[in-house]
Amino acid sequence: MDPNAFNAALNAPAGSAEQFQILSELRAVLEQQQSTVPIFLTTLAPRILIQPGESVIKQWMMDLLLFGLSQSSLVVDNRAQIASSTLDAQVSLLGEQATVYVKGGINCLAASYPLLFRVLCTNRSSRQQWDTISAAKSRILAMVEDTSLALGIRLSAIKFMQRAILVQTRGVNDPRLQNKADPNLTMCPTDHPFVSAQALETEGGELLKKCVMILYTSNNADILSALVNTLAALFKMRPTLAAIVIQAVLKWTPQVAMSGQSAMSVRSVEKSIKILLHHIYKSPQGAPYTRDIADAIQTQTARMEAAAQEARRKRALEAEAANEAAKRTKIEATPVPTPPSVPTSVNLPTSTFANFDFSTLPLPLVIDILIANLAVLSEERLASAIVARKALLGRGAVVPLATDSVLQQDGPPLVAPTPQLPVSASQLESQSQLEVQPSEPEPVVKEEPLDPLKMDIDDDDLEYEPDKLNATAQAQVEAEEEQTQIAPLDPSTFSLPTPRDLSDSARNGLVKSSVTRIWDAGEEVLGRDVKGGSEVAVGLPPEEMWMLLIVRMISRGANGGRVKDEGGDERALVHNLAFREDGMRQMLLDYLLGDFGGRIRLAIVWMNEEWYNDRIQAKHDPSRERQYDIWLGRLASSLKARLEPKDKTFAKFLMELPSIPPNVLSLCRELAETPQQMGIGFAALREFIQLRPPVRPEAMRILLDLTAHPEKVTRNAAINTVRRWVPDIEPMNMGITSFAKKLLEQLQEGRHPFEEHEFPRYLPPKLELPAKKAEVIQHVELMFALSVRVPAFLDEIFAAYVHMEVSVQEAMQDLLAPLVRSLGPTNGKLLSLIKTFEPGAESLILRIIKILTENGRPNANLVALVKELISERNLDARFLMPIIGEMDKPDIVKNLPRIVSMLNGKPEPKALVKSAFQAIVAAPPESFTKGSSNQPRMKQSEQLTPVDLMVLLHEDKEIGIKPAMEAIGICFQIVDVFRSDVLAAVMQQLLDSATLPTLFLRTVIQAVTTYKNLVGFVSTTLLSRLITKKVWTNPPLWEGFIRCAKVIAPASFGALLQLPREQLKELISKQPALKEDLREYVVRRAGPKARLLEVFSDQPDPPPSAAPPDSAPPTAQGDAA
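Residues in the sequence shown are numbered consecutively from 1, following full-length UniProt numbering.
Any given hint might turn out to be false.
[Said to hold, decoys possible] Below, simulated EDC-like cross-link-like pairs (lysine to aspartate or glutamate); rule was C-alpha separation at most 16 angstroms, straight line:
no.: 1; residue 1: K271; residue 2: D222
no.: 2; residue 1: K914; residue 2: D976
no.: 3; residue 1: K829; residue 2: E854
no.: 4; residue 1: K137; residue 2: E203
no.: 5; residue 1: K867; residue 2: D888
no.: 6; residue 1: K648; residue 2: E687
no.: 7; residue 1: K829; residue 2: D795
no.: 8; residue 1: K889; residue 2: D981
no.: 9; residue 1: K773; residue 2: E711
no.: 10; residue 1: K282; residue 2: D728
no.: 11; residue 1: K773; residue 2: D728
no.: 12; residue 1: K159; residue 2: D222
no.: 13; residue 1: K1029; residue 2: D992
no.: 14; residue 1: K274; residue 2: E305
no.: 15; residue 1: K282; residue 2: D292
no.: 16; residue 1: K282; residue 2: E687
no.: 17; residue 1: K894; residue 2: D876
no.: 18; residue 1: K835; residue 2: E868
no.: 19; residue 1: K251; residue 2: D222
no.: 20; residue 1: K772; residue 2: D814
no.: 21; residue 1: K251; residue 2: E203
no.: 22; residue 1: K889; residue 2: D876
Hints listed in this document are in silico derivations from the structure and should not be mistaken for laboratory results.
Required output: the full structure, derived from the provided sequences and hints.
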């Protein structure tokens, strides 16, 4: 894009052709390079739109802004950015004086409101923008009922009201089905600081009531049509509002508010209501109201027919009154003045209406008057009037002789040149009554122009070519003069001459030109508002008869292409005719492809005629090739490359066909597999299944195959299409559920539910193991989607899971997560299946429990159910993990050995146990060791204290040594809970117990290694207490004591000197590294006392005294003192 293009437009003269040209080219470039539109609008639109007054630049920028806000090909985030940056400029347009700017501002705000709502639901800091858009919304909604405003502004305000209702109502609750491009209240969090979902929902309900109220009170046809379109959009996009919309439309009658309006206005609104009723009737949401809708349509049809009859009756009365008035008027005959040299012509009748300007009358009234007058005429009077008029025109065509001296006075009368036209019976009659004089030398005459009003062309449509006629006029006059006198002819014996034989190329050219002229003229007829004489029409309406003429010329021309066996010449002729017909068919095909949407009716007529002609010809020649299948296939294949993503004409065309061949169904499958044309293919298949029973089995087979498509987008679209028929619509429901069960059964080991001819097209012939998740989801996603609507299908899933291979089960566990989340922990069917699951489904149940408890606190019913399962079925401790936080203290103590027994040195169990500890242990207060009586105390029935857990891990006899060691290590990893003060309390409580746990000193060593501030407590208190408990009598604890003394040395030396001599000597022998440091400590603290120093000598000890060593007083303690 040229960056200076917009500057050039600004610098060009305002409103000039140059400025228009630059802006037009710039708009085209921006539409092609749409990635530049957001930057362009966010930079320039706010500055241009706030400028006062009217200008071409401002109008152009407003149109471009609406394009950028509503163009679906732009990323939603980019459109939201445009809406946010230009919001103030959009609001400023509401205050403009010109209607076009007010309408444009409303339309832009209608597109911006959903985009900004989506952004502001997640952005909690942009309150100013929300206040701005809310104020603008109030201004616009007030315009809906303001009759002083222009109609265009009110219609735009109704469009905004529709968008507001869609935003301020709730969409689909299922998160998998939510459309991010459809903002609604489901996206708004309940705790939003300034967007109140409840207030918006209330306002949305009031706006819906307002729509219905205006529908029943307004008498403006345009307003009512806009409201009907609004209700149609609400019905389509908000299924929860379907009942309100249906009731509102069913109860509407024109007598409510349009009693004083014209019949045309009433009929327009009636048609809009009827179209909406037909749409509701075909939709799944309207299924419960089909009887009421059918009755309403029937009643409305009768009402419209009665209104039409009444209108016709009034027109007939008006025409009759006008005719009577005309009869009472005195009719006078006024002679037409002629020049003296010209004979007096026949007098023309005139009336008192001669000076009346009939062009001031409305066309429908003139037509009604003409038809009424023709209806009262008898056939004899009409025929005589026609004959008299033709005779008058015939005599008027004779040119009298001139008075010029050059002309002969007795020469024959000269007739004005006429084109060589087919002779009608009336012309023959008039010619037979004229006396033709003998031929004389041709005089020089002045050529008179031909008056086309005096030409008798009878009732045939003739081609008028003035240039050609003028060129041959003189030659025709000469030829007529050379002919002998024409004798009177009898029309009953007249026959046309034999037509001139034409070459094949001439024939083809003539036929093609005829067909071209027919459809050119036909398109002009279709563009007019042609009114029929009755509401009920049989066959094609009059304005479409040209279509039937064309297709029958093609399909039934030349004996319909029938093949006879008389001889080779006959076959060659038929072959040439068939070749010519194929060329005409190709010409018609090319014509249809030029504008299929506008020429769809011709395509429908053509295909129906080809189908009917095939049936007729098959009676004479069963082997004849079916032209219907051939050309329908060619037309459909050619259309496939031209269809737009949101095209609706193709499905409409297919539904009007008399027969659907297999190649068309295959084409629909291909469309459904193409991402850009997916909607067209699925729409056609859906209509076939609902409305065309003969092709329903094959169409359903294609649709069900697509539910197992490997591409997620295609698969989801197919599933969304079929799930609407489950469980209420038969026979579709039965086929869908059976197919879903077979898909699920296909995953079970040793099962082959599909016959060879019915095996799904897109499934792998054999499931390779280990199974891939992408292949497993092809089998199960349909059943998962159906389970949301019919929870009973969960039984099939649980029953099949037990018989699946392990890798398939693992994939199933992951794929089930969205379904389980959508059902929720309160779903009765899901809880029942958890309670009664079959053996072998434990992994699936565990996965479901984890999913149901992953967000927030578990449901009380679910917790009770899991506890019951664990006690009844002796389940793995993993089932405790999701609900451990909701268990009381007795249950935790009871199940703690089961939880710790999971530990086997692997990371996964360790992570589970750690999360369980974090859930069951309450973090101690900061003043844990201060003993303040004002601190809130934790309820002992809810959680364990860290001290309780650590003591239980040391003392519980059911917990093995290795799992206990690993569990204690996990506690040390939870540093925010197991702080140094907590560990000191643990060691103190364990030290006070009657029997020291085996792992006690191991924990002490780990504590002083982790927290150095515990060294003082251990060296001064804990080791001394252990010596008084004669720790050396328990070998494992004695080993731990020695290691602990080494770890905290030299802080432990004071306590070691309290040991008896033998135990001190044993300690030194087991830890020689302590010997020298301990000797120095003794010398420094106690002096060179021989009795203590003997322990550190290398000489053997003297024999022990009579007193046992463990009963002798600890001399070291006294000496140290």
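Output the numbers, in ascending order, of every earlier hint that fails for this structure. 3, 8, 11, 19, 21 and 22
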